[in-house]
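Participant: The lines below spell out each chain.
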Amino acid sequence: MTHGHLRLTDLSFRFAGQTQALFSIQNFELAPGQTLGIRGASGAGKTTLLHCLGGIEPVTAGQICWGDTDISQLPAGELTRWRQQRLGLVFQDFHLVEGLSALDNVLLPASFATWKAPADLRVRARRLLDRVGIREPARRAELLSRGERQRVAVARALLFEPPVVLADEPTASLDPENRAIISELLCELVREHAATLIVVSHETSLLARMDQQMELRGGALQEIVATHPDNSTIEGKPHV
Amino acid sequence: MFNPLPVVMADYRRNRLLVGITLALIAIAVAIGVAVIAQERALRQGSARAADDFDLLVGAPGSPTQLVLTSVYLKLQSIPLVSGEVLDKTSRARGVRYAAPIAFGDNWQGHPIVGTITDFASRGGTLPPTEGTLFTRRGEAVIGARVPLALGAQIHPEHGDHHEADGDDDDDGDGDAAEHHHHEHALTYTVVGRLPERHNVWDSAILVPVEDVWAIHGLPSGHPAESPQLGPPWDAAQLPGVPAIAIKPDSVSAAYGLRGQFRTPQSTALFPAEVLNELYATLGNVRDLMALLAVATQVLVVIAVLMALLVGFLARARQFAVLRAIGASSRYVFAVIWLEVSVLVASGAAIGLALGYGASWLLMQWIAPRTGFSMPVSIGGEELLLATTLAGAGLVIALLPAWLALRRPIAEGLKA
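Heads up: the sequence lines are chains A and Y, in that order.
Just so we're aligned, residue 0 is where the first sequence starts under numbering that gives the first Met the number 0, counting upward by one.
Just so we're aligned, residue 0 is where the second sequence starts under numbering that gives the first Met the number 0, counting upward by one.
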């Protein structure tokens with residue numbers, strides 16, 4: 000459980016050549032198994048923050064601790080291993096490998112460390128696909144609908160039962176029906192696996208499913224305590 | 000140990016057309032180079048093999064190339080005759096195992112009829128007939144392996160070279176000329192033997208006693224009138240001229256001695272290998288030029304293909320960044336890109352090698368009947384070196400896009 004415990008300390012990020020930080024977060028903590036939704040205007044730095052939390056983008060200063068591991072200090076090799084073992088990622092555009100079947104896409108992370116996925120992992124991949132409603136696991140990724148692709152992407156993110164799942168606009172490119180399905184699936188599955196979920200989204204219905212909601216505004220995270228149906232914050236307190 | 004093959008194979012499946020075109024371009028570039036080299040070597044080996052039966056040639060002073068083409072490859076053309084006196088001298092010279100007159104001018108259905116002696120027909124006894132016997136008396140013939148006649152068949156010789164006669168027909172446009180150049184002789188030969196296959200134009204030839212050829216053309220037979228003798232010793236007074244004399248020397252030193260001895264104002268003596276070497280030198284220069292062009296083609300094709308692949312890989316920066324983001328190591332992504340390029344180039348080179356061999360073989364089928372000798376097509380060290388160099392270069396050059404992909408930060412790739 001502790002691997003999903005997030006602690007940010009004096010975190011700041013600024014793009015190379017820029018003088019002003021995109022965001023600065025002095026202290027923030029998220030308990031393992033909690034879900035957090037982050038919203039913000041375009042360009043506020045939501046995706047960059049998510050990338051920093053996943054060890055994809057190096058931070059300018061500060062610490063990102065997942066459990067006892069400060070990923071901002073990890074050498075490249077160990078950071079890759081951490082992502083392999085602890086992190087599940089879901090993208091807005093799914094990013095499945097075309098030419099591979101749905102099942103092989105789910106099993107793809109296994110090929111990063113082993114020549115052939117072990118039998119129990121293959122069983123687990125099939126169960127996950129079944130769980131997300133994919134009835135034809137042998138179907139090639141490019142032949143699936145957008146909703147089906149995102150479901151496969153969710154299954155791929157959960158293959159190794161990671162303690163941390165990060166999702167960047169996971170419903171943004173889906174129709175309303177699929178948005179609802181993916182939102183529900185994502186939340187259900189991470190709860191089943193007791194993973195910590197951080198979602199960046201503009202989607203109110205998805206954010207409303209999270210334990211906590213925050214807005215990245217002016218380079219700082221602010222907690223949202225209520226939301227209007229039109230997505231505007233009616234009450235909030237800055238998080239320092 | 001990671002396994003990059005699923006991604007590599009998926010990329011190939013997704014880009015079948017591009018993969019096919021890339022493979023075809025590389026294969027064709029390699030095949031051209033391989034075919035040029037293999038064909039030139041086959042031509043050289045085939046022509047040299049055809050000349051094996053002619054250690055030393057003596058003819059009238061003139062073009063050595065013409066003498067070799069006429070006698071070794073039976074490219075029959077009008078050449079000056081060397082006198083009977085020279086033939087007699089060569090037959091009696093020291094160090095000569097046999098000196099065989101080579102006399103032509105007649106044919107049977109396009110198969111050249113060559114007048115000679117039994118020593119030449121059997122290559123000094125090293126080439127016994129596969130069927131029947133050698134000719135032992137006038138009016139008998141021994142045929143090459145590809146002459147479509149059975150033992151006992153009768154041959155009515157026609158005067159002139161078959162193709163030459165056809166050409167005259169066309170030129171003149173009437174039958175009179177054909178009749179003039181292409182008439183049947185009164186003599187009939189009986190096939191008494193068949194020689195083993197030599198894989199050269201002599202397999203299509205009909206060998207008869209030279210005395211008959213002379214007699215048909217109203218010349219003395221080299222022996223006293225009515226003498227049934229075949230071959231040497233000749234009666235110098237009764238000996239007409241011949242187009243060429245094929246000499247089998249006793250030894251290498253004897254061959255050089257004889258060559259010097261018969262290089263006189265009345266005759267020329269040469270080793271066919273000397274003439275072939277000059278031809279090969281010219282051929283080699285042409286081959287070098289063609290090989291250079293083939294290599295240049297290969298380099299250009301490979302550069303073009305790799306540039307296209309590089310652009311393709313740069314366009315796929317996001318895919319590689321996603322792989323890194325979801326847990327692939329940099330080595331994994333490096334292996335994916337390197338394998339994709341390397342396997343393509345190496346497969347293209349291997350296919351090209353096979354295509355080049357196939358093209359050479361087909362070309363040989365087309366050339367052999369026209370040159371009069373079969374060409375042994377094979378893949379040699381040069382062609383293997385060509386293909387492996389290209390494949391090796393591909394493996395090294397493939398490092399470039401792989402290295403470029405590694406240098407790109409993951410976050411930057413995800414935004415691409």
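Hints were generated in silico from the structure; no laboratory data involved.
We treat Cβ as the ideally placed atom computed from N, Cα and C, and that holds for glycine.
There could be a bad hint or two in this list.
[What the hints assert, rightly or not] Computed cross-link-like contacts, DMTMM-like style, restricted to lysine to aspartate or glutamate with a CA-CA straight-line distance of at most 20 Å:
1) Y:Lys247 x Y:Asp87
2) Y:Lys414 x A:Glu168
3) Y:Lys74 x Y:Asp202
4) Y:Lys414 x A:Asp92
5) Y:Lys74 x Y:Glu381
6) Y:Lys247 x Y:Glu273
[Said to hold, decoys possible] For the chain A half of the interface with chain Y, some residues (derived, Cβ under 10 Å), not all of them:
7) Thr46
8) Thr47
9) Gly53
10) Gly54
11) Thr59
12) Leu73
13) Pro74
14) Leu88
15) Phe111
16) Cys186
17) Leu188
[As the list claims (entries may be wrong)] So these bits of chain A aren't anywhere near chain Y, every CB distance computed over 12 Å:
18) Gly32
19) Gln72
20) Leu106
21) Glu183
Participant: Have a go at the Leu188 of chain A hint: is there a Cβ in chain Y nearer than 10 Å to its own Cβ?
Facilitator: Given a least distance of 16 Å, the restraint on Leu188 of chain A is violated.
Participant: Run the distance test for Lys74 of chain Y versus Glu381 of chain Y: straight-line Cα separation, threshold 20 Å.
Facilitator: violated (32 Å)
Participant: Hint check: is the beta carbon of Thr46 of chain A less than 10 Å from a beta carbon of chain Y?
Facilitator: At about 8 Å, which falls below the 10 Å cut-off, the nearest Cβ of chain Y leaves the hint on Thr46 of chain A intact, so it holds.
Participant: Run the distance test for Lys247 of chain Y versus Asp87 of chain Y: straight-line Cα separation, threshold 20 Å.
Facilitator: holds (15 Å)
Participant: The output says Gln72 of chain A does not contact chain Y. Does that hold with a beta carbon cutoff of 12 Å?
Facilitator: holds (17 Å)
Participant: Using the nearest Cβ pair, does Leu73 of chain A come within less than 10 Å of chain Y?
Facilitator: Hint violated; Leu73 of chain A Cβ to chain Y Cβ min 13 Å, cut 10 Å.
Participant: Holds or violated: Gly54 of chain A as interface residue toward chain Y, Cβ cutoff 10 Å?
Facilitator: Nearest chain Y Cβ about 9 Å off; hint holds.
Participant: Would the hint on Leu88 of chain A be counted as holding, given a Cβ-Cβ threshold of 10 Å to chain Y?
Facilitator: Given a least distance of 5 Å, the restraint on Leu88 of chain A holds.
Participant: Under the criterion that the straight-line Cα-Cα distance not exceed 20 Å, is the pair Lys414 of chain Y, Glu168 of chain A satisfied?
Facilitator: holds (14 Å)
Participant: With a cut-off of 10 Å, does the beta carbon of Gly53 of chain A approach a beta carbon of chain Y closely enough for the hint to hold?
Facilitator: At 7 Å from the nearest chain Y Cβ, Gly53 of chain A passes the 10 Å test, so the hint holds.
Participant: Taking the shortest Cβ-to-Cβ distance between Glu183 of chain A and chain Y, state whether it exceeds 12 Å.
Facilitator: holds (23 Å)
Participant: Is the interface hint for Pro74 of chain A satisfied, with its Cβ closer than 10 Å to some Cβ of chain Y?
Facilitator: Check failed: Cβ of Pro74 of chain A comes no nearer than 12 Å to chain Y, outside 10 Å.
In this structure, the hints that do not hold are numbers 5, 11, 12, 13, 16, 17 and 20, in rising order.
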